[in-house]
Structures are given as C-alpha cells and as structure tokens.
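Sequence order for the protein chains is A and B. Okay, so the first sequence: first residue is -2 according to this note's numbering, each after it adds one. Okay, so the second sequence: first residue is -2 according to this note's numbering, each after it adds one.
Wrong hints could be hidden among the right ones.
For identical chains, the list gives no copy identity; a pair is met inside one copy or between any two copies.
Claimed, not checked - List time: in silico DSSO-like cross-link candidates among lysine-lysine, alpha-carbon distance up to 27 Å:
hint : residue 1 : residue 2
1    : 2         : 86
2    : 35        : 2
3    : 21        : 86
4    : 76        : 35
5    : 57        : 23
6    : 21        : 35
7    : 68        : 2
8    : 23        : 35
9    : 2         : 23
10   : 43        : 2
11   : 2         : 76
12   : 35        : 112
13   : 86        : 23
14   : 112       : 57
15   : 43        : 67
16   : 86        : 68
17   : 86        : 112
18   : 21        : 2
19   : 112       : 21
20   : 67        : 112
21   : 76        : 43
Derived from the structure by calculation, the hints contain no laboratory data. Note that the structure is a prediction, hence the values are computed from the model and not measured.
Number of protein chains: 2
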Amino acid sequence: MYERKTSPNLNCGLDLIGEVLYGKWKIRLLWFIDQGHKRPSELLRKIPDATRRVLNVQLKELEDHELVTKKIYPVVPPKVEYSLTEFGKTLIPVIGALGQWGDANQDRLRDVILKRAVSSASH
Amino acid sequence: MYERKTSPNLNCGLDLIGEVLYGKWKIRLLWFIDQGHKRPSELLRKIPDATRRVLNVQLKELEDHELVTKKIYPVVPPKVEYSLTEFGKTLIPVIGALGQWGDANQDRLRDVILKRAVSSASH
DNA sequence: GCAATAGGGGATAAATTTATCCCTATGTGA
DNA sequence: TCACATAGGGATAAATTTATCCCCTATTGC
Chain A
-2 MYERKTSPNL
8 NCGLDLIGEV
18 LYGKWKIRLL
28 WFIDQGHKRP
38 SELLRKIPDA
48 TRRVLNVQLK
58 ELEDHELVTK
68 KIYPVVPPKV
78 EYSLTEFGKT
88 LIPVIGALGQ
98 WGDANQDRLR
108 DVILKRAVSS
118 ASH
Chain B
-2 MYERKTSPNL
8 NCGLDLIGEV
18 LYGKWKIRLL
28 WFIDQGHKRP
38 SELLRKIPDA
48 TRRVLNVQLK
58 ELEDHELVTK
68 KIYPVVPPKV
78 EYSLTEFGKT
88 LIPVIGALGQ
98 WGDANQDRLR
108 DVILKRAVSS
118 ASH
C-alpha cells in the first residue's frame, strides 16, 4: 500500500472534509450506496469509468474513515454489501447539495470545462 | 503547462462540480476570496501550507472556469485582486455546507484521519 | 547601485493517485 | 473438465497534481 510522505492538513473544517472526500470516486460511492446499490459489482456498473481496483481502494478508505461498513457474507460465490454508517449518512445532504449545484449548472459547466480542455490541447 | 491525456467525465452533476472544485486549495480559495481576502499575498497568508506557485495555478483554473475574475491594477509594485463572479457566488452556500459538516465533526474526523495515517505508517 | 515590494511563470522533481495486468478462491452448470 | 460468477489484492506503470528552484518586471527609498 502507498505510504504517505507528507502529513495531512487538519486545520479547518474544509481541510477535514477534504481528507475524507478527496478521491475521484468517493462522493459517488457514498451517493450510490445510499441509493441502495450496495454490492461491489453494482457499484462498478453504476460507475463504469472506474476500475474494480480503484473502487476497492477507495471503499477501503471510506471504511477506515468510518463512513461505510462492509459486510461479507460467507457464501459462494462471495457476496459483499456496503452500507453507510450513521456518520456517513450525515454527509448525504452535503453531497446532495453538490450534485444539485452541478445539475442546475450543467450546461455552463460542460461549456467552461471543455473550453479549457480544448484550448490547452491546442498547444 | 501540463496537457491532459484523458478526457474528463461529464456525466452527472457530481462529475461536473468535481471538475471545477477538484484541486487541493480551490475550495478554500473561493471561500477566502468571498470573505474579502482578494489579493494573492493575502490568500497566501491565509493558506500558508500552499506555495505561491500552486495558488497561482489553481486561481488560473478557477478563472478559466469562470468562478473568479482577476483584476490587475497597472501600478508598481503590482496590485492584483480576485473576486467571485456571480456564478462563483452561487457556490458559496455549497462550500459553506462542506465547511459546516467538517467543523461540526472535527474531533471525530481528526481521529479517523490520524488513525489511518498512523497505522499505514507503521508498515 | 542595492534591497524591498508584489506578482508572474518556466523547468523540473517529487508525491500522489489511478490504471493495467495478472493471479487467487469456490461452487454451479454445461 | 472448463467457463462463469463474485470478490480480493500485489506489483508495476502511467497520469496527474504539488512542490522546489530560480529568474523576471519596475519603482521607491536608502
């Protein structure tokens, strides 16, 4: 496992929430788990741009940060279910606010994001 | 300047907001600019863990994404002021929600973040 | 002339995060 | 016997982000 070489910033609330939510797929993992998509294979289907590996890694971090719990059923083929902890559930309204802002401004956002991407690509 | 090799995900609102807010200091930059700390040197003082260079880079991205505007006064020594655009201002309540959650849970967050950091450091 | 001020940015290195590849396990059904 | 489903994870590579270093501008005040 990768071993961090610099220490995290833990000064203010924004630092702290950043530490647990920073990760390409974490927010969406929390969101989809809350929506009832609990099994790894389901989550992978909901987030097809991610690989199985990264999702596992990020789910493990969410678990270490006590935002989700993992339940392994001793059956074959294996069955695993993730759920939000009570702590994790308190994040859902915040994530909802993020998603709403993104949805409400999607046209403009696509526009400015692509504009920047294109102009940097053309040397 | 670094040139992206993979294309951004622009599927849902969460992807979109991620594209513009993802960056170690961006959220705090927006927050402090909104609080009236507009000059680069002030922002650097408010965020002492960042270097001048990164703040410039991330401010440029925020500008390209139309969340802030930059005003350069033609004086010597140079004076520069950043302000939120109307679009950028609409993000403030969302950022406020993030910060509030982080503040409200700061003890627990410090705890779980450090727990993970320490256990991974010890092999 | 030299330092200080306030802000910029290129080049490169280091850190961090994601992606790829590949191998493991165990019943079930063809 | 072989493929399939379902989940896990090590090793390594590639992509991306941050950090370091160093140099530049122009004026004011010693």
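- From the Cα coordinates, with 27 Å as the cut-off, is the pair residue 35 and residue 2 best called within, between, both, or neither? So residue 35 and residue 2 fail the 27 Å test inside a copy (33 Å) and across (32 Å) alike.
- Using 27 Å as the alpha carbon limit, work out where residue 2 and residue 23 are close: within a copy, between copies, both or neither. both (22 Å within a copy, 22 Å between copies)
- Message: My question is about residue 43 and residue 2: at a cut-off of 27 Å on alpha-carbon distance, are they close within one copy, between copies, both, or neither?
- Response: between (33 Å within a copy, 24 Å between copies)
- Task: Indicate which option fits the pair residue 86, residue 68 if close means a Cα-Cα distance not exceeding 27 Å: within, between, both or neither.
- Result: Answer is within: at 17 Å inside a copy they meet the 27 Å cutoff, but 42 Å across does not.
- Query: 27 Å Cα cut-off: does residue 76 pair with residue 35 within a copy, between copies, both or neither?
  - Reply: This pair counts as within: shortest intra-copy Cα distance 10 Å, inter-copy 52 Å.
- Using 27 Å as the alpha carbon limit, work out where residue 2 and residue 76 are close: within a copy, between copies, both or neither. Answer is neither; intra-copy 35 Å and inter-copy 36 Å both fail.
- Tell me, please, which holds for residue 112 and residue 21 at an alpha-carbon limit of 27 Å: within, between, both or neither? both (21 Å within a copy, 22 Å between copies)
- Which holds for residue 2 with residue 86 at a C-alpha limit of 27 Å: within a copy, between copies, both or neither? neither (31 Å within a copy, 35 Å between copies)
- Up to 27 Å CA-CA - residue 112 versus residue 67, copy category: Cα proximity of residue 67 and residue 112: across copies only (18 Å, versus 41 Å in one copy).
- Message: At most 27 Å between alpha carbons: which applies to residue 57 and residue 23, within, between, both or neither?
- Response: The answer is both: 10 Å in one copy and 26 Å across copies each meet 27 Å.
- Item | Status of residue 67 relative to residue 43 across identical chains (alpha carbons, at most 27 Å) | Answer is within; shortest intra-copy Cα gap is 18 Å, inter-copy 39 Å.
- Task: Check residue 23 against residue 35 for me: Cα-Cα at most 27 Å, and say if that holds within a copy, between copies, both or neither.
- Result: within (14 Å within a copy, 31 Å between copies)
When held up to the earlier numbered hints, the structure conflicts with 1, 2, 7 and 11 and fits the remainder.
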